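Student: Those protein sequence lines, which keep their order, are chains A and B.
Everything in the first sequence is counted per the numbering used here, starting at 13 for the first residue and increasing by one.
Everything in the second sequence is counted per the numbering used here, starting at 7 for the first residue and increasing by one.
Worth flagging that the hints you see were computed from the coordinates, not collected in a lab.
Computed from a prediction, not measured in an experiment: that's the story for all the values here.
Heads up, some of the hints might be wrong.
Unchecked claim - Under 8 Å between C-beta atoms, here's a sample of chain B residues computed to sit facing chain A:
(1) 49
(2) 90
(3) 91
(4) 95
(5) 97
(6) 203
(7) 206
(8) 213
(9) 236
Every residue, glycine too, gets a C-beta built ideally from N, C-alpha and C.
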Amino acid sequence: MQALYAQLLVGLINGSFYALLSLGLAVIFGMLNIINFAHGALYMMGAFCAYFLLNVTGMGYWWALIIAPIAVGIFGMILERTMLQWLTGLDHLYGLLLTFGIALIVQGVFQNYFGSSGLPYAIPDYPQIGDCSPNAPQGAICFRGLQGGMNLGFMFLPIYRGWVVIFSLVVCIATWFLIEKTRLGAYLRAATENPTLVRAFGINVPRMITLTYGLGVGLAALAGVLSAPINQVRPLMGADLIIVVFAVVVIGGMGSIMGSIITGFALGVIEGLTKYFYPEASNTVVFVLMVLVLLIKPTGLTGRAA
Amino acid sequence: MKHRISALFLGTALAIAAGGGAVAQDKTVKIGVLTDNSGLYSDLGGAGSTLAAQMAVEDSGLAAKGWKIDIVSADHQNKPDIATTIARQWIDVEKVDIFMDVLNSGVALAVNNLVKEKNSIMINTGAATSDLTNAQCSPNTVHWVYDTYMLANSTGQALVKAGGDTWYFLTADYAFGHALERDTTAVVVKSGGKVIGGVKHPLNSSDFSSFLLQAQASKAKIVGMANAGGDTTNTIKQASEFGIVAGGQKLAGLLLFITDVHSLGLKVAQGLNFTETFYWDLNDGTRAFSKRFSERMKNKAMPSMVQAGVYSGLIHYFKTIDAMGGNPHDGAKVVAKMKEMPTDDALFGKGTIRADGRKIHPAYLFEVKKPSDSKGPWDYYKLIGTTPGDQAFRPLSESACPLVKK
């Protein structure tokens, strides 16, 4: 039973990556109608950005958490301005092919320079809270940034993993709030429904769409920074993940913000349980679910009929 | 007049004989480097293997003797079906004489069958499965660098001797992982240890926390990683995060390459024990080669044992066909000759190739240095034990290979 709790928690951790990534995809699809296959590559760029910030400028994890999403987000906006915007109104297939091509190029360039094994990135060891000096008394409380872990009774939880779950939950809910509950979000949703009318009210729709793409890309980069200390920073880290994330989006319903968040976490948990009960199937379970959902409810669990 | 005519006849006969000789002595060779150029194993093989092949061609001196040697390279994407399609094309259309590298055990076993069927040659330097020289052995295949039996034998035995008598396996779920787990289990049990469990994970996983928790709960003293490349580095990194080593369990990297250690960094990798048959800093010969190699690599990486094996294997192949006076384009014949001739190069030292196709050389047990002991990039290993070649690999008496006469 204890092992089961542990697997549930671990599943939740993986789920937070799925949620963050599928959220970005859902935002982009919902607002731009583009199936963003470059999402995995942009996620990888976020992780590499963190690596460069640390090794070139000396700026650590906390800076990376802010700077990497902005930097990669700007890269995304340039992509949108120079390439993606010309695809408005065309069949989905064109956006898919373009972004897939971009992903292959970006990954190829990174792999050419950095190989496939990846680069190390450590869990941050600052700020230090409590008495961390070498001659601290026994039992003194000491937190070295997000390093170390705590014993929950049923498992040893690395502090960093706990942080990932909480932080991504906060980001997910904030994004949902921004799009569903604020005035800006209302403009955005209106612009998707009827861009001409929204323009008539004096709102710069193309700029808003560029910013939205930047936001979605920024979310991917943020997930990249979060995963850098857990996985190796590798050029293919996104390619391995993105297929699963697409399945998550399909199961949750394309374009549904809350749907993708909830499905992300839920699938992480289901995958975690599979790893425990039948590990050989852990890479396939998500796709089996996807097939089942598509057969029963083709619009996804929370999707509306088109 | 009579003399003149006979002289003319003699001259013609000589000319025909010389011409005929030139046809018999075909001095063209085509080398195919079949490897993972884009996936998780591309750092330990990949472009580095092609570079090693080029260096072998340059160092062989065969060009000066009138040989014409071409190299082709392809990415098999770790998929046996793609690999056999490429291999078929190479043999039938491109007339490739010899396959090098062929890492990934699943791919290697598939190509092994094809190479035998088509009477080509494979010098396998990348795949681990010991089946290549056991039940699946072939008169057309030489297994050069290492195999699962040797890894299990060296690392497994050393760890059980050091007190690690209960094992839990994290195994990559394909031919290689299964072979490595099977061979290591045999060694552990033979040395008096016990295997108390294991879990099989899909190839190329990114998250190992579930599997590591199961390993932790098993309370085994040794967590044996029967996987490779990116799977191993992620396992090691996440094991340190989940406090596996801090909790008293020891990680055993059954197959670790220098590129993995480089990618992990010494802080995470320090203290790991594992076995390789080549390290750039072993002696003057390996250092000289590795320095030349690294200067030509895009990311200045030192050679892995797989890449070093490509060089060493080709040097021996070139010596053999040079001794034969030409390329007979007959795989089994060349391999038989390769087995007759002793091997000798700067990288793996003196050795032999056994009847079953197993290349024999010493195996080295290494420990990863502490960051404070390392003098700079790529100075990673401390040699802690050497198994002589005749003891490192599966003895012929235990072999199931039909080529071995008993």
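Student: Which of the numbered hints are not met once you compare them with the structure shown?
Tutor: Hints 2, 3, 4, 5 and 6 contradicted; others consistent.
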